[in-house]
Each structure stands twice: as structure tokens, then as C-alpha cells.
Amino acid sequence: HRGGNQMVQAARRCYYAAQYTAAPRLLEPIFLAEITVPMDASGGVYQCLNQRRGIVNEEIQVAGTPLSLIKAFLPVAESFGFTAHLRSLTAGQAFPQCVFDHWGVINGDPLEAGSKVSQLVTDIRKRKGLKENIPGLDNYVDKL
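Going by my numbering, the first residue of the sequence shown is number 399, and it counts up by one from there.
Since the hints were made in silico from the structure, they are not lab data.
Just so it is clear, the structure is predicted and the values come from calculations on it, not from any experiment.
A virtual CB, placed ideally from N, CA and C, is assigned to each residue, including glycine.
Hints are not guaranteed to be accurate.
Each computed EDC-like pair below joins lysine to aspartate or glutamate, with the alpha-carbon atoms no more than 20 Å apart [to be verified]:
# : residue 1 : residue 2
1 : K514      : E426
2 : K526      : E457
3 : K524      : E426
4 : K514      : E530
5 : K529      : D507
6 : K469      : E457
7 : K469      : D499
8 : K514      : E476
Beta-carbon label-pair distances, calculated as ranges [what the hints assert, rightly or not]:
#  : residue 1 : residue 2 : range
9  : G502      : Q459      : 23 to 33 Å
10 : L518      : A415      : 14 to 24 Å
11 : W501      : L528      : 19 to 29 Å
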């Protein structure tokens, strides 16, 4: 006869091992940035987005005006200071609006030592007070 506590511990190790071997990836939140800017200042918008891992989705010219509306995807982590940087590159002519749009997969393997994603995981684990190294798969094997 097994108690509930014994079953929970075994199931937990099983789930951890399954996640570990499933090629895990990290997700990051992505903003949809809608930027209204005069046509002659749109070069600064593209420069700012390129520096911040932004991906331009579409550019629409507003009918009857010299303005264009640029829609781009921008990672939330890169959005801090975005408005000030954009305004400095466009001489204050660009007006951005950012709203959450979707989650995007961060390229790279968090279990591969030395990768950029692995460094991100290490920084998060350090901030949360966990052991810096990700525990190995052998930590989840039953020991009799």
C-alpha cells in the first residue's frame, strides 16, 4: 500500500524528467508596435527597430497626409526606453503605441552550456535564489 505523498514525489520526478528530455524552449512576450511617423522620418523608425530586434510587419501610407503607419513586432524586453530612443532618432516626429500581441519562441537551447538562452536561464535562476546550474537528468532517476 502506497501513501499519497509517495505517489506525488514519484510523479513529480517523472514530470520533471519528461520536461527535461522534451527539448524545452523559452517564450517571450511580443508587442505589436504601431508607429505613426512622417514619410521623411521613417528611416529613424527602421533604424530603431533593427537595433531592438523589431520586425516590421507592414507599412501603410495614411491617405491624404504625409504620414505613414508602421506596424512592427517588438520583444517586450527590448521595449524599455523604446519611445525615447525612437523620438531621438526621428527628432520627436514618431508616435508609437505598443500592445501585447503574442508569445514568441526564443531561438536557442536553454540546456546548451554557454548559449545566450542558457545565460538568460542562469540569470533568472540567480535572481530567484535557485542553484545557478540546471539540475541534470540523473537527479530525477529513482534511486532504490
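To see whether the hints hold, each was checked on the structure:
1. K514 <-> E426: 14 Å, holds
2. K526 <-> E457: Roughly 41 Å between the alpha carbons, so the hint for K526 and E457 is violated.
3. K524 <-> E426: 19 Å, holds
4. K514 <-> E530: This hinted pair holds, its Cα atoms lying about 15 Å apart.
5. K529 <-> D507: Status holds; Cα separation ~19 Å.
6. K469 <-> E457: 6 Å, holds
7. K469 <-> D499: 12 Å, holds
8. K514 <-> E476: 15 Å, holds
9. G502 <-> Q459: 23 to 33 Å: 28 Å, holds
10. L518 <-> A415: 14 to 24 Å: The hint (14 to 24 Å, Cβ to Cβ) holds, given that L518 and A415 are roughly 23 Å apart.
11. W501 <-> L528: 19 to 29 Å: For L528 against W501, whose Cβ atoms are near 23 Å apart, the range 19 to 29 Å holds.
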